[in-house]
Every structure is written in C-alpha cells, then in structure tokens.
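Q: Counting from 1, one number per residue, gives the positions in the sequence shown under our numbering.
Treat each hint with caution, since some may be false.
Ranges between beta-carbon positions, derived for each pair [as the list claims (entries may be wrong)]: (1) Ala189 / Thr62: 17 to 23 Å; (2) Asp121 / Thr94: 29 to 35 Å; (3) Thr94 / Glu148: 27 to 33 Å; (4) Ser130 / Gly77: 39 to 45 Å; (5) Ile106 / Ala61: 21 to 27 Å; (6) Gly44 / Asp93: 34 to 40 Å; (7) Arg116 / Asn35: 22 to 28 Å; (8) Gly104 / Ala64: 21 to 27 Å; (9) Gly44 / Pro125: 18 to 24 Å.
Because the hints were derived from the structure by calculation, they are not lab data.
For each residue, glycine too, the CB sits at the ideal point set by N, CA and C.
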Amino acid sequence: MRKSIACAQLVATLAVGGCRQAGLGPEHELPAPPNTFLVTTGAGRQLTGTPARIDIRYADATKAPDVEIMFSASGEGDQTWSVLAAAPADFLDTPRLTARVVDGRIVPGTASVQMRVDLDDTAAPSGLLSLRLYAGRLAGEASRMGDELAARFEGPFVVTCAVPPAVMPGGSSAPSADTSQPTLIVDEAFESAPCRPYATLGGWSR
Numbered sequence: 001m002r003k004s005i006a007c008a009q010l011v012a013t014l015a016v017g018g019c020r021q022a023g024l025g026p027e028h029e030l031p032a033p034p035n036t037f038l039v040t041t042g043a044g045r046q047l048t049g050t051p052a053r054i055d056i057r058y059a060d061a062t063k064a065p066d067v068e069i070m071f072s073a074s075g076e077g078d079q080t081w082s083v084l085a086a087a088p089a090d091f092l093d094t095p096r097l098t099a100r101v102v103d104g105r106i107v108p109g110t111a112s113v114q115m116r117v118d119l120d121d122t123a124a125p126s127g128l129l130s131l132r133l134y135a136g137r138l139a140g141e142a143s144r145m146g147d148e149l150a151a152r153f154e155g156p157f158v159v160t161c162a163v164p165p166a167v168m169p170g171g172s173s174a175p176s177a178d179t180s181q182p183t184l185i186v187d188e189a190f191e192s193a194p195c196r197p198y199a200t201l202g203g204w205s206r
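All chains, please: the whole structure from these sequences, using the hints.
A: Dropping the structure here:
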C-alpha cells in the first residue's frame with residue numbers, strides 16, 4: 001500500500017526499553033539481539049530500543065536525496081537517549097558516517113545527541129558521532145562529550161525511501177497540500193528507479 005505524506009511528516013517514532021554491560025571495550029561487547037538496539041552510555045546506563053531508522057527522501061528525483069538517521073533507547077527511571085543525524089548522500093555508498101554533534105539546526109554532516117530523564121532534556125553542546133552499516137546492523141559511538149551523553153550503540157536498522165509520485169511505476173504528479181513542501185510517496189516495495197538500489201540496504205525494510 002502506498003502512503004502519501006509530506007517531507008516534514010516523515011518522522012519516526014521509536015519505541016524503547018534496556019540492557020548491556022557498561023565499561024567494556026568493543027572487543028568484549030556482545031552484539032544486540034536480532035530486533036533490539038542496544039546503547040551503553042559512558043556513565044554506565046544500559047538502554048534498549050527498536051531498530052534504528054534511515055529515511056531516504058527524494059524531493060527531486062534528479063538530485064541527490066536527503067538522508068536522516070534516527071534511533072533512541074530507554075531504560076529505568078524514564079531515561080531516553082536519542083540521536084538525529086543528517087547524512088550526506090554518499091553515506092549510502094560508503095556506508096559510514098562521521099558527523100559533528102551540535103545543539104542546534106541539523107544539516108548534512110551534523111547530528112544531535114540528547115538524553116531525557118523524566119521530563120528534563122539535555123543535549124550535547126558538541127562532540128562527534130561515528131557510525132557504520134554492516135550486514136543489516138548499525139554500530140558506532142558518540143564521543144567527545146560528557147559521560148551521561150557519550151555512548152556506544154549497536155543493533156538492526158530499517159530503511160524507508162520516499163519519492164515524488166511521478167517517479168513511481170504508473171504514477172502521476174500530485175499537488176502538495178502545503179506548497180512549501182513537496183508531497184512524497186513512501187516506496188514500500190522499493191520499485192521506483194531512485195529507491196531500487198536501497199532495497200537490500202537494511203536487514204529488513206519498511
């Protein structure tokens with residue numbers, strides 16, 4: 001089934017829940033269970049969540065897409081750790097990302113790292129986010145920030161790809177309800193020409 005949505009509305013809501021031994025180097029860390037995303041902060045908080053999400057959006061099918069990466073995890077005490085990153089289009093080919101952490105507007109090559117405890121949000125003012133994709137998994141770390149926000153993470157990810165209606169097989173142009181944002185269709189089957197290369201990027205796609 002095709003879903004028509006505006007670019008601004010392609011936002012993932014990530015459910016969350018926790019566990020992992022903190023303070024161990026990557027050579028000692030066990031991989032996350034198949035459908036669980038694991039986060040261990042520098043302060044020893046052990047958090048879990050649903051698979052990370054990579055959203056690919058072709059506002060113009062003749063140009064490079066916008067790419068967003070989102071994931072979050074939570075644990076005891078209403079603690080939620082989250083990342084939102086904007087990746088350059090070549091991330092889909094490499095597939096590695098090193099992004100500068102900022103507390104402000106997210107543009108390609110930058111990311112936001114936040115921790116919520118109860119209703120209080122803390123954002124890392126600066127730092128570095130590095131991650132890579134391999135065999136349907138996403139792994140990396142947030143570093144150069146306080147231990148409450150610094151973390152290692154690893155787990156599965158899903159991929160979405162959205163394109164203008166006209167590039168879908170048998171598609172036609174559709175007017176946008178909001179003229180400032182183009183209307184896009186989520187290509188769930190990855191059957192359009194722009195989305196086809198990413199059909200097997202993730203372990204499973206949605």
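Q: State for each hint whether it applies.
A: Hints, verified against the model:
1. In this structure, Ala189 and Thr62 meet the distance hint of 17 to 23 Å, their C-beta atoms being roughly 22 Å apart.
2. Here the CB-CB span from Asp121 to Thr94 is close to 31 Å, well matched to the stated 29 to 35 Å.
3. Checked against the hint of 27 to 33 Å, the C-beta distance between Thr94 and Glu148 comes to roughly 30 Å, which is consistent with it.
4. Our hint of 39 to 45 Å for Ser130 and Gly77 is violated, since their Cβ atoms are close to 28 Å apart.
5. Against the hinted window of 21 to 27 Å, the Cβ-Cβ separation of Ile106 and Ala61 comes to about 23 Å, which satisfies the hint.
6. Taking 34 to 40 Å as the suggested C-beta distance range, the pair Gly44 and Asp93 conforms, at roughly 36 Å.
7. A hinted range of 22 to 28 Å holds for the C-beta pair Arg116 and Asn35, which are about 23 Å apart.
8. Distance hint check for Gly104 and Ala64: the Cβ-Cβ separation is about 23 Å, which falls inside the suggested range of 21 to 27 Å.
9. In this structure the hint that Gly44 and Pro125 lie 18 to 24 Å apart at CB holds, the actual value being about 22 Å.
Hint compliance for this structure: hint 4 alone is broken.
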